[in-house]
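Undergrad: Chain by chain, the residues run as shown.
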Amino acid sequence: MRIPILKLQNYLLVSIQVELDDQTAIEFQEDLLNKIHETGATGVVVDLTSVEIIESFIAKVLGDVVSMAELMGAKVVLTGIQPAVSMTLIDLGIHLKNVKTALDLEQGLIKLKQELEEK
Amino acid sequence: MNPEYKDILLDYSDEIIKKWMDDLEDNKLKEYKSTVSNELIEQVNREFVNLIFSKLKDGVNYESLEQFSERIVNLGWPLAYLTEGMQSFRSICIRTILEQIDNKDEAFFLEVMDDVNNWVDPIKNQLINEYSNNWNNIISLQKVALQELSVPLIPVMEGITVMPLVGTIDTDRAKLIMENLLDGVIKSRAEVVLIDITGVPVVDTMVAHHIVQAAEAVRLIGSTCILVGIRPEIAQTIVNLGIDLSRFPTKSSLKKGFEKALEMTNRDIVNVKEKDADIIDDMVQSIDKE
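Respectively, the protein sequence lines represent chains A and B.
Quick note on the UniProt record's numbering: the first sequence kicks off at 1 and runs consecutively.
Quick note on the UniProt record's numbering: the second sequence kicks off at 1 and runs consecutively.
In isolation and in its complexed conformation, chain A is listed as follows (with noise of 0.2 Å):
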């Protein structure tokens, strides 16, 4: 199962509605890098809204796709992380300190838009 990545203007847009594996995760780093490097996107949104469990790898993988994207010039926000989500991950000690975050989709473009202004 492949995670759709949408592409809005400069923008890839990822909307994650399945729980998470290993492997979806993974072919999900490849795809979302492969796509920064086809389509040149400057910023990228994922939104974990329907997540409603992550554990360690994921979490792992989450934040190393966003260091990669990064590395690659795009600026990566996650959106709409549950309460339950969110303790469990601090709870597990992982703080995602490099990810930027934001509560739905819509705050998530407009912070990525002030990002690039910026820079």
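Quick caveat, the hints were computed from the structure, so don't treat them as lab data.
Since the structure is predicted, the reported quantities are computational estimates derived from the model, not experimental observations.
Zero decoy hints are in this set.
Calculated cross-link-like contacts (lysine to any residue; reagent style SDA-like; alpha-carbon spacing at most 25 Å):
| no. | chain 1 | residue 1 | chain 2 | residue 2 |
| --- | --- | --- | --- | --- |
| 1 | A | 100 | B | 186 |
| 2 | A | 100 | B | 179 |
| 3 | A | 97 | B | 251 |
| 4 | A | 97 | B | 206 |
| 5 | B | 260 | B | 271 |
| 6 | B | 175 | A | 87 |
| 7 | B | 187 | A | 106 |
| 8 | A | 97 | B | 265 |
| 9 | B | 175 | A | 51 |
| 10 | B | 187 | A | 15 |
| 11 | B | 260 | A | 118 |
| 12 | A | 97 | B | 180 |
| 13 | B | 260 | A | 109 |
| 14 | A | 100 | B | 244 |
| 15 | A | 100 | B | 263 |
| 16 | A | 97 | B | 209 |
| 17 | A | 60 | A | 33 |
| 18 | B | 175 | A | 96 |
| 19 | A | 97 | B | 245 |
| 20 | A | 100 | B | 157 |
| 21 | B | 187 | B | 213 |
Rough simulated footprint, nothing fancy, chain A against chain B, three-plus residues with beta-carbon under 8 Å:
| no. | region |
| --- | --- |
| 22 | 181-188 |
| 23 | 221-235 |
Quick reminder that beta carbons are idealized off the backbone N, C-alpha and C, glycines included.
Based on the hints, put chain B in the right spot on chain A.
TA: Then chain B, alone, in the frame of chain A:
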């Protein structure tokens, strides 16, 4: 109970009551006497004794027992009054029976003891149960009340929410705070949350750790936390303990924090009009026209 003893107790009930009252008078109620009138003590004692004797006559009447204990609990009389009262009552009863029947046999003595115990103990147990139930009720009610008070979340304007914390923070409460905070942020779609710790008396490593965790969790769901209400002594403890709070903004007062929050949401406080100056201008103009 042996009918013989029962008859003795009933026959001498007046004497027993009198002795018991005297005994109580001497020892037990001295401390409470200052707060309660003599008549009330007398009345409650009499009710108490009647209750015990009515059990001797017609068996236990739980309803009246319940009523009695409820009354005593409401009056705020200490449990010691009941237990000590029962003890002295028991010893007086045993003594009376032994005095009336002249028999120094050991078996007889034990029998009297058992009989009186069987008579008095259930009442005592029932009363103590009532008491402890009452206490438990009060404690659980207070717990609920405390929990309701412990994590308020106030949305002050669009995108800005305040959580004022008052009182000591322990692990349970920290968990509650975090859950409420995150749910509240999602529900009110707050971009900035101000955590006000003016009312937290002590900030040690554990409390700071909880606050930092909450702030991190808030960041993960896409909002920002500002810690406000840091008093000088708290700032000192935080630095002395080597706690790192640099990952999110901190302010000394809620006012400053709120200004920062406005700034973060691209807003500003503007005076609508300089009213006094305007009024004077109007007056000057109207005078000019005339």
